[in-house]
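Model the placement of chains B, C, D and E on the given structure of chain A, informed by the hints.
Residues per chain, in single letters:
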Amino acid sequence: MSRNSISTILQNYNNENAGVKAKLYQILMHGKLAGSGRLLILPVDQGFEHGPDRSFSINSPAYDPDYHFQLAIAGRFSAYAAPFGFLAASIDKFAGQIPVILKLNSNNSLTAKSQVPDMAITASVKDALRLGAAAVGFTIYPGSPKAKDMMEEAREIVQEAKSCGLATVIWSYPRGGDLSKEGETAIDICAYGAHIAALLGADIIKVKLPTSHIEQAKNKECYKSAQIHIDLLTDRVRHIVKSCFNGKRIVVFSGGEAKSEEELLEEVNAIKRGGGHGSIIGRNVFQRRWEDSLDLIEKIAYLYSAPC
Amino acid sequence: MSRNSISTILQNYNNENAGVKAKLYQILMHGKLAGSGRLLILPVDQGFEHGPDRSFSINSPAYDPDYHFQLAIAGRFSAYAAPFGFLAASIDKFAGQIPVILKLNSNNSLTAKSQVPDMAITASVKDALRLGAAAVGFTIYPGSPKAKDMMEEAREIVQEAKSCGLATVIWSYPRGGDLSKEGETAIDICAYGAHIAALLGADIIKVKLPTSHIEQAKNKECYKSAQIHIDLLTDRVRHIVKSCFNGKRIVVFSGGEAKSEEELLEEVNAIKRGGGHGSIIGRNVFQRRWEDSLDLIEKIAYLYSAPC
Amino acid sequence: MSRNSISTILQNYNNENAGVKAKLYQILMHGKLAGSGRLLILPVDQGFEHGPDRSFSINSPAYDPDYHFQLAIAGRFSAYAAPFGFLAASIDKFAGQIPVILKLNSNNSLTAKSQVPDMAITASVKDALRLGAAAVGFTIYPGSPKAKDMMEEAREIVQEAKSCGLATVIWSYPRGGDLSKEGETAIDICAYGAHIAALLGADIIKVKLPTSHIEQAKNKECYKSAQIHIDLLTDRVRHIVKSCFNGKRIVVFSGGEAKSEEELLEEVNAIKRGGGHGSIIGRNVFQRRWEDSLDLIEKIAYLYSAPC
Amino acid sequence: MSRNSISTILQNYNNENAGVKAKLYQILMHGKLAGSGRLLILPVDQGFEHGPDRSFSINSPAYDPDYHFQLAIAGRFSAYAAPFGFLAASIDKFAGQIPVILKLNSNNSLTAKSQVPDMAITASVKDALRLGAAAVGFTIYPGSPKAKDMMEEAREIVQEAKSCGLATVIWSYPRGGDLSKEGETAIDICAYGAHIAALLGADIIKVKLPTSHIEQAKNKECYKSAQIHIDLLTDRVRHIVKSCFNGKRIVVFSGGEAKSEEELLEEVNAIKRGGGHGSIIGRNVFQRRWEDSLDLIEKIAYLYSAPC
Amino acid sequence: MSRNSISTILQNYNNENAGVKAKLYQILMHGKLAGSGRLLILPVDQGFEHGPDRSFSINSPAYDPDYHFQLAIAGRFSAYAAPFGFLAASIDKFAGQIPVILKLNSNNSLTAKSQVPDMAITASVKDALRLGAAAVGFTIYPGSPKAKDMMEEAREIVQEAKSCGLATVIWSYPRGGDLSKEGETAIDICAYGAHIAALLGADIIKVKLPTSHIEQAKNKECYKSAQIHIDLLTDRVRHIVKSCFNGKRIVVFSGGEAKSEEELLEEVNAIKRGGGHGSIIGRNVFQRRWEDSLDLIEKIAYLYSAPC
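Protein chains in written order, with our numbering: chain A, 133 to 440; chain B, 133 to 440; chain C, 133 to 440; chain D, 133 to 440; chain E, 133 to 440.
Just chain A, with the same shape it has in the complex:
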């Protein structure tokens, strides 16, 4: 892809003000994948989500917030996303060297199992402006009894962020309520979750890679009669991208738990071929040793930037 493709992508954001478009341009033109129309984002909110030990003990230098800035810069990621305290502790040393996404809400694993899925809002758009962030990130849990509250919060934050010229990333992770565990990553549910994120005004949508399971009975008929292909991961990625305004929104896929390099590269290949806009990879990177992670990033970037 050429620089031209960036302007093609940005045309889909023509209603946004110059500030928002400039921030999307900044992220799309940064790092190894600059100008390719693909993104590689480093997210480090696992300390909040799973605790510091489960996240960092396997690669001890990762307890230090500096480490992740250094990794994101050395690995030439498109952007680095983390919660407030983690960014604030190190931003002073690395300001301007990498686009930053401030994650505005967070869950944690000390929450009782009986609580319905929800997050705490732990940062604000004003924090993002002070930290010099390019974007804010916000998670919604469609399906949760708290989903409507989260959507309302998301919309207020999207509106405020846009008015401040910041881009917005919505993590859409269906869970809770009537959804089965398998249903959380079902193709129809992922597509629905991604669509909702787009409807809420997200500039960039982050979802999990979907399985070929179809959760809702009525959707089974739809997939059948419309002959939607979902057997291959590539097809499923393509369907998610279509569900995001027929490809008019940037969609990135998360890597999930640490896995083998081979599995990961296969996923990247499927994302690329399916028209996905990139990967957001945390544990698969910072839970590897420094050299190994840089080596892996190199391979991922190579795959994304090679011609289809």
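Hints are computed from structural coordinates only; laboratory data are not their basis.
Predicted model, so just to flag it, every value in this text is computed and none were measured.
Intra- or inter-copy, both count: the list cannot distinguish identical chains.
Straight-line alpha carbon distances no greater than 30 Å define the calculated DSS-like cross-link-like pairs of lysine-lysine that follow: (1) Lys164 to Lys431; (2) Lys340 to Lys245; (3) Lys350 to Lys380; (4) Lys380 to Lys225; (5) Lys356 to Lys391; (6) Lys225 to Lys164; (7) Lys431 to Lys225; (8) Lys153 to Lys340; (9) Lys356 to Lys245; (10) Lys278 to Lys245; (11) Lys391 to Lys350; (12) Lys245 to Lys391; (13) Lys164 to Lys340; (14) Lys350 to Lys278; (15) Lys340 to Lys258; (16) Lys431 to Lys391.
Just chains B, C, D and E now, with coordinates in the frame of chain A:
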């Protein structure tokens, strides 16, 4: 009906400021039914309500938000209504070509069955102003344990919208609480729901077509002793219009699930003869192929504009 | 009573600003009972409370909001009270011809039986100012689990209304919680409810006519040892008036469901002799035919204005 | 005590602004006990708490809010405390003649038994300013499931009142939750409740007279090992005063239900000897006849002002 | 450690404004441990948490808020922390003599056992500014059903405090929900709680000393495979410090219930050797007699300032 009838309609809104009246005039004077005193509105919130696959897979181009603007413009609808993200993604290309109604709250089908009927507020009056919308739309669920909260939200939004010179459309869909499934479209309940929307200050009221079922025991006596005719759909439409301040408010009826052309045209005929102000038709249009839908719209418009 | 009695009444409101006193003066000096120190108010919130059919089908012209303005003006009522949409639809034609009371909260009969008694706030003090209203009305349900929330809302609205120079009317209808059905109109409960309305700062207090039932055990002893007469309706009215700061607040009584002319006139007689400040009569008026209702109002006004 | 003791007391409020100190001075220098360092306050919130009949029927003139102003002035009380409506109805006639305390929250006896102890906020600091009040009063119920909400409300009101130069009185009445009925007036619970009021920033703390019961097991050991005397009411008063920052806050005790003159005077004697700053006496005054109540107040004042 | 180490510590706060850094400098350079990089803080919120009697009866002068200021000044602590009323009562006499931390939320032991762990917000950042405080303190209970609300409150307060140039201290005390009693002080839970406080933007983190218990099953594997030493208290302190951004945040440990001098000094030794930044000691100080407490503080300070 002549242009004159528009000024007759607008006289019922004499208490509104010039901004609100101008927006009503804009909608009443746009498209095929311009000046007829009838409205034909295209609503596309089904992606939010039912998910993208159940809504769009049957007519794959409909995944693209541009499609619906193009359809509303080509079909010469009176107005096009959709949630924030859907409008924002395409408004830049079509601004000014069709009056737009921003839907401010939305439900979704990932909500657990055990949750009481409610919506999330997913856009604001300020969003409507920025998008150049002519009106805002808001749904209430009279009967739901959340109904009073929804009415309070509706009133705040109506007040803000009017103060900004925007028209307001209230979708009034009774459900939940003590209402039976059949009662949701009962004639007495539809009339009550429509009346509440009018009391909340709606300029345009959207309800479902009522059945001849009477839900509340006390109302059965009233209908009998007052000899209110409800056997024919035309009569029921007339009663709903009467319940909206004796016809002093614009009332449009929804088409509901996709159905045969014949059924649909019969409904349109009944709405017209009963004095209803028009139809709001979504799935029956965009779930048909492009040519078929334009053909259908042509027939509906012909029916509405032909002399009674 | 002479014009002089109005200034006696207004002396009890000496702490209020000139705006509030002017509004009370306006209501006390309007219509057939002008200057008598008595009030006759037409309330039409039954469309919201019971639905349009149960309220208006018996007298079909009453579906039209214009009808009630015309009735209030022709019947020379002291004031006309209704919810936002009903007033807004017709105010333009009748502005200035009759003092208007905007009802700020409303209940509805679609609410599930299992919900605790509560109302939705459906208008604001700012709405009242824009409509040119003389007063705002607000209902509280002492005894309901929501009663404290309603009292807090009432106080905020009273404070805002007074600061805008508007008078305030509080409908105090005890219900819910530990109260028996019979207790809702018990003399001790009505007196308590009226007293609370006065404590919240109401200028005019609206209660139901009390029965001779005493609900709370401790009050039975009080009534006995203090030899409070409650056998006759006149005595009970007198006691309610006394419970409103020893007659220093204006108290009006509601007519309730439609009843015979004879019953109604007996009630009016009792209110007058007991020192009540008047009646607020809705269904007993607009559910009669136009001529019959005007005839009835004439008789009521005659009773109130005749010397004791 | 001499005028000098007032300046000693005020030194404990050195952190307060001149406005707050002036208001405390005003109250301490008013009425029969002026300059003695003791206070006698007339509270009339029983109409709200227990209803007008249970409060006033035994002494019928007390239904009139003027009566209590007249009583507070004739009896030369230090201050008069009541809810908004009661003060507002009469303040115009008596403004400036007696320091007034506006009670900002109120409970009522129509509340269902199953509701947790709570109050409604029925007036604001701005109301207090408009009424020319010297102080605002607020009740907390430590122990109630609503206690933390009430404490938060109290702190916000204390902060606003101080910023407006008003003094604040906190009624601290432990109840609800795990507290036994007997525990509500236990010495350890009263001390704890009074201490919390002081921590919240109250200038004047109002508590009930404590019994010698100790509610919490751990406190029994403390009282034993620290040899705290609690057998005599005088000792218990002394301990409450100590628990309020070692006597650095003004503490007054409520009289509770109507009782014999002898009992009341014994209590006053104990309060005085124990170093309490006075009494807040309502029902024991206004439920007696005018002459009897003035006679009683005379005796109480004599006791407080006589040398120890 | 030399003065130089203070600038090393402050470099970790380079993103903070000069006001916040000046406040941290003020605390780090005050009292016996000035310039050592260690802190000794006197907290007196036990009157609120456990009641005045359980807190102060063992050392009667401690009922007086002056006592604690005198103790903090005589003992040359780094800072003194207490709730609003306690500080406000004495601040006038001691202003400027010791850095003050205003505790913004408080729990109390009158709360029913069935209530989920929570606190009341009892002071504001504005209060802190008026009292001349150097920092605000806030407690969170990770694990409690209220934890997310508390985290949201904490973040709002941190943001406001920083914007006013105040430092922030977060007390992180995991409890409630699925946590066992033993788990509240488990090494993995303490590390997680401390990490969350850092993520919320705390400048100083206060936790309890951890045990060698590991609460969460997944963490057991992590500790084992990463060979994290937790047998010795020194090692556990070191791990907590690491979990706070690899030592980039100041961490102090609480002394807990009164214990023997020997135990306490052993703990101090472990904190020092493990790289902890100091102790926050309340009951172990003010529940001892004046001379004994000064003697103990002398020994603690000697230990902290002696070379490792």
